[in-house]
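Q: Chains as they are written, first to last, in the working numbering: chain A, 59 to 621; chain B, 9 to 92.
Bear in mind the hints are in silico, worked out from the structure with no lab data behind them.
Do not take every clue at face value.
[Claimed, not checked] With a cut-off of at most 30 Å between alpha-carbon atoms, the simulated DSBU-like pairs for lysine-lysine come out as follows:
{"no.": "1", "chain 1": "A", "residue 1": "Lys148", "chain 2": "A", "residue 2": "Lys388"}
{"no.": "2", "chain 1": "A", "residue 1": "Lys567", "chain 2": "A", "residue 2": "Lys550"}
{"no.": "3", "chain 1": "B", "residue 1": "Lys28", "chain 2": "A", "residue 2": "Lys388"}
{"no.": "4", "chain 1": "A", "residue 1": "Lys529", "chain 2": "B", "residue 2": "Lys85"}
{"no.": "5", "chain 1": "A", "residue 1": "Lys538", "chain 2": "B", "residue 2": "Lys49"}
{"no.": "6", "chain 1": "A", "residue 1": "Lys388", "chain 2": "A", "residue 2": "Lys550"}
{"no.": "7", "chain 1": "A", "residue 1": "Lys388", "chain 2": "A", "residue 2": "Lys529"}
{"no.": "8", "chain 1": "A", "residue 1": "Lys550", "chain 2": "A", "residue 2": "Lys200"}
{"no.": "9", "chain 1": "A", "residue 1": "Lys200", "chain 2": "A", "residue 2": "Lys148"}
{"no.": "10", "chain 1": "B", "residue 1": "Lys28", "chain 2": "A", "residue 2": "Lys200"}
{"no.": "11", "chain 1": "A", "residue 1": "Lys529", "chain 2": "B", "residue 2": "Lys28"}
{"no.": "12", "chain 1": "A", "residue 1": "Lys550", "chain 2": "A", "residue 2": "Lys538"}
{"no.": "13", "chain 1": "A", "residue 1": "Lys200", "chain 2": "A", "residue 2": "Lys538"}
{"no.": "14", "chain 1": "A", "residue 1": "Lys550", "chain 2": "B", "residue 2": "Lys85"}
[To be verified] In silico contact screen, one side only, chain B against chain A (beta carbon under 8 Å); selected entries:
{"no.": "15", "residue": "Leu35"}
{"no.": "16", "residue": "Ser54"}
{"no.": "17", "residue": "Ala76"}
{"no.": "18", "residue": "Arg81"}
{"no.": "19", "residue": "Lys85"}
{"no.": "20", "residue": "Arg86"}
{"no.": "21", "residue": "Tyr91"}
[Unchecked claim] Partial selection, computed: residues in chain A whose CB lies under 7 Å from chain B:
{"no.": "22", "residue": "Thr296"}
{"no.": "23", "residue": "Ala440"}
{"no.": "24", "residue": "Gly441"}
{"no.": "25", "residue": "His444"}
{"no.": "26", "residue": "Thr507"}
{"no.": "27", "residue": "Val511"}
{"no.": "28", "residue": "Leu514"}
{"no.": "29", "residue": "Gln515"}
{"no.": "30", "residue": "Leu518"}
{"no.": "31", "residue": "Phe519"}
{"no.": "32", "residue": "Ser520"}
{"no.": "33", "residue": "Pro534"}
{"no.": "34", "residue": "Gln571"}
{"no.": "35", "residue": "Ala574"}
Note that the Cβ used here is the ideal one computed from N, Cα and C, for glycine as well.
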Amino acid sequence: MIEAAPPGMIMILGALLVPLLSGWVRQAYMLALPVLGFIQVAMLPLGFVSSVEMFGYELTLVRVDELSRVFAYVFYIASFLSIVYALHIKDTIQFVSGLIYAGAAIAALFVGDLISLFVFWELTAVASLFQIWARRTERSYKAGLRYLIIQVGSGVLLLAGTILHFADTGSLEFGALGLVSTGTTLIFLAFGIKAAFPLLHGWLQDAYPEATVTGTVFLSAFTTKLAIYALARGFPGTEILVPIGAVMTAFPIFYAVIENDLRRVLAYSLNNQLGFMVVGIGIGTEMSLNGTAAHAFSHVIYKGLLFMSMGAVLYRTGTVKGSELGGLYKSMPWTATFCMIGAASISAFPLFSGFISKSLILTAAAENHYTLTFLVLLFASAGVFHHSGIKIPYFAFYAHDSGIRCEEAPLNMLVAMGCAAFLCIALGVAPGFLYALLPYPVDFEPYTTSHVVNQLQLLLFSAAAFVFLQKTGLYPAELKSVNIDVDWLYRKVLPTAVRRIGDQVGRLKARMQTKALETVGFAVRYIEGHHAPTGALGDPWSIGATALWAAVLLIAYLLMAHR
Amino acid sequence: MSEEGSRPSHWLERPGSVNKIIRSLALVCALVVVADFFYEKHGHYSWENSPGFYALFGFVSCVVLVLAATQLRRILKRDEDYYD
Numbered sequence: 059m060i061e062a063a064p065p066g067m068i069m070i071l072g073a074l075l076v077p078l079l080s081g082w083v084r085q086a087y088m089l090a091l092p093v094l095g096f097i098q099v100a101m102l103p104l105g106f107v108s109s110v111e112m113f114g115y116e117l118t119l120v121r122v123d124e125l126s127r128v129f130a131y132v133f134y135i136a137s138f139l140s141i142v143y144a145l146h147i148k149d150t151i152q153f154v155s156g157l158i159y160a161g162a163a164i165a166a167l168f169v170g171d172l173i174s175l176f177v178f179w180e181l182t183a184v185a186s187l188f189q190i191w192a193r194r195t196e197r198s199y200k201a202g203l204r205y206l207i208i209q210v211g212s213g214v215l216l217l218a219g220t221i222l223h224f225a226d227t228g229s230l231e232f233g234a235l236g237l238v239s240t241g242t243t244l245i246f247l248a249f250g251i252k253a254a255f256p257l258l259h260g261w262l263q264d265a266y267p268e269a270t271v272t273g274t275v276f277l278s279a280f281t282t283k284l285a286i287y288a289l290a291r292g293f294p295g296t297e298i299l300v301p302i303g304a305v306m307t308a309f310p311i312f313y314a315v316i317e318n319d320l321r322r323v324l325a326y327s328l329n330n331q332l333g334f335m336v337v338g339i340g341i342g343t344e345m346s347l348n349g350t351a352a353h354a355f356s357h358v359i360y361k362g363l364l365f366m367s368m369g370a371v372l373y374r375t376g377t378v379k380g381s382e383l384g385g386l387y388k389s390m391p392w393t394a395t396f397c398m399i400g401a402a403s404i405s406a407f408p409l410f411s412g413f414i415s416k417s418l419i420l421t422a423a424a425e426n427h428y429t430l431t432f433l434v435l436l437f438a439s440a441g442v443f444h445h446s447g448i449k450i451p452y453f454a455f456y457a458h459d460s461g462i463r464c465e466e467a468p469l470n471m472l473v474a475m476g477c478a479a480f481l482c483i484a485l486g487v488a489p490g491f492l493y494a495l496l497p498y499p500v501d502f503e504p505y506t507t508s509h510v511v512n513q514l515q516l517l518l519f520s521a522a523a524f525v526f527l528q529k530t531g532l533y534p535a536e537l538k539s540v541n542i543d544v545d546w547l548y549r550k551v552l553p554t555a556v557r558r559i560g561d562q563v564g565r566l567k568a569r570m571q572t573k574a575l576e577t578v579g580f581a582v583r584y585i586e587g588h589h590a591p592t593g594a595l596g597d598p599w600s601i602g603a604t605a606l607w608a609a610v611l612l613i614a615y616l617l618m619a620h621r
Numbered sequence: 009m010s011e012e013g014s015r016p017s018h019w020l021e022r023p024g025s026v027n028k029i030i031r032s033l034a035l036v037c038a039l040v041v042v043a044d045f046f047y048e049k050h051g052h053y054s055w056e057n058s059p060g061f062y063a064l065f066g067f068v069s070c071v072v073l074v075l076a077a078t079q080l081r082r083i084l085k086r087d088e089d090y091y092d
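Taking the hints into account, I'd like the entire structure generated from these sequences.
A: The following block contains the structure:
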């Protein structure tokens, strides 16, 4: 029976009991949910399918294959670590929404039809919102609203595309769709918004850094990787994804270099990492799709770890601005160490998780002769080390001493970070475990002499460049500032334009009113001119004159009547 | 834990420590470039095989990245309360 229940339901339904529990019972219960879910997925046989008939349509709630499974495993790991990381808080709403959010994302991985996908797609959007709103500031309220509108908008596009696709083909199946019709193009766009394609990415850097300390850790795992999964399922080998992904790897790193909010720097590098996965989907070979799945797997863990470390800094010091931090290695040595393990992983240092997953995508790009893309990915790899690998730990924990002295992160946070750090190293040292879970057989050895030496050259000389730029004073200082991005269009330009148009209309209306009043005034004055007491026609008659004229009229009347 | 900050001197704070780190980095950088001469490279592109290609690429990429980003900042930078 449990096999037939959609994976993820354990988390969604289990979340509803959380408000009834408290203390350690609640903590143990919440930690048990992802463990049970993980076991359920491990027990489901590959190829298992379970459908229900609803409103005359067959909805496939469970369809198990390698692609769904590998994403589900890492989603459960991320859920578990996120809960451990959040155990110190008492905020029920964050736990309930976090569990529903994770459960919905996991359920979405297993559905076999577009309608069910739509349902869970929207559920992730709504549930995740509370990770932002739970910060309970005006800023997070507004950022959450913008996030909600865009996320729900993505769902609406998905539904519209599904309807058109169904009208075209009569099929609701969620398999390889390809960019073949208006319907599938809309679905592609819906996925593209959630995957933060260039120009559709504004919500990510806008909203994630505004979430709570623990909320950003939840958020970083699910939404965008669900979109990557959906793209890998629906659009493998779609050529346009290669340039889209390449641009995605490159442009966010420029922003990351000059961004002051370190959680926002991480949001930019999240966007950059998604680019590697999108390129892998676009190339569409077995190796590149394996690369995408593997990179998503290691990425969820190291990105979660990095957000955890910056969350711990925010929790202890009240800020994550580079301009206000520095020297924290003395107060938070463990957090600093874990942060650097995450940094080494995202930078793809040999023996860390990023190395064994990203190499698959880079090798696939080279083998399929995407030369320019390959060079862009290399550039982005050097760049990601520069801002995520060096900038984040350097400005938070080293650089100049900010004078901030605080406590080390709470124990539960350290445990979560320690587990994530362990996984980052374990995956890097023994990639075989992950490779065995990938959708296609893996015939790839990441640890060849040339791979290792090339990667070390790339990274160490990036570090040398950092030192060079710091020593020569060319490195841009961390400044109290924000940098405008695409969200500027709807946060500033559009409202300003609307206000301007409103002002113009108001002014036009005022002018027309004035003109109308002037005209009326003129008419009144004209009439007044003749009929006012002083006017020619306005002179009141004396009684005598009136009687005289009345008499004249009467006589005239009599004369006419008697003729 | 909070007392750690007042400990007299972490090795990082001692004079010369930073220079030691930088010198070690330079040494490792030199080693990985020298390593290129001691094994046969078989990259997918011929230019990948020229010694030190990745080193040069990494260094130049980062310098270009940072200088370009610094220029972009002139256009993109706003006050912290710009959106408030």
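Q: Going through the numbered hints above, which ones does this structure break? Give me the numbers in ascending order.
A: Going through the list in order, the structure violates hints 5, 6, 10, 15, 16, 22, 34 and 35 and respects the others.
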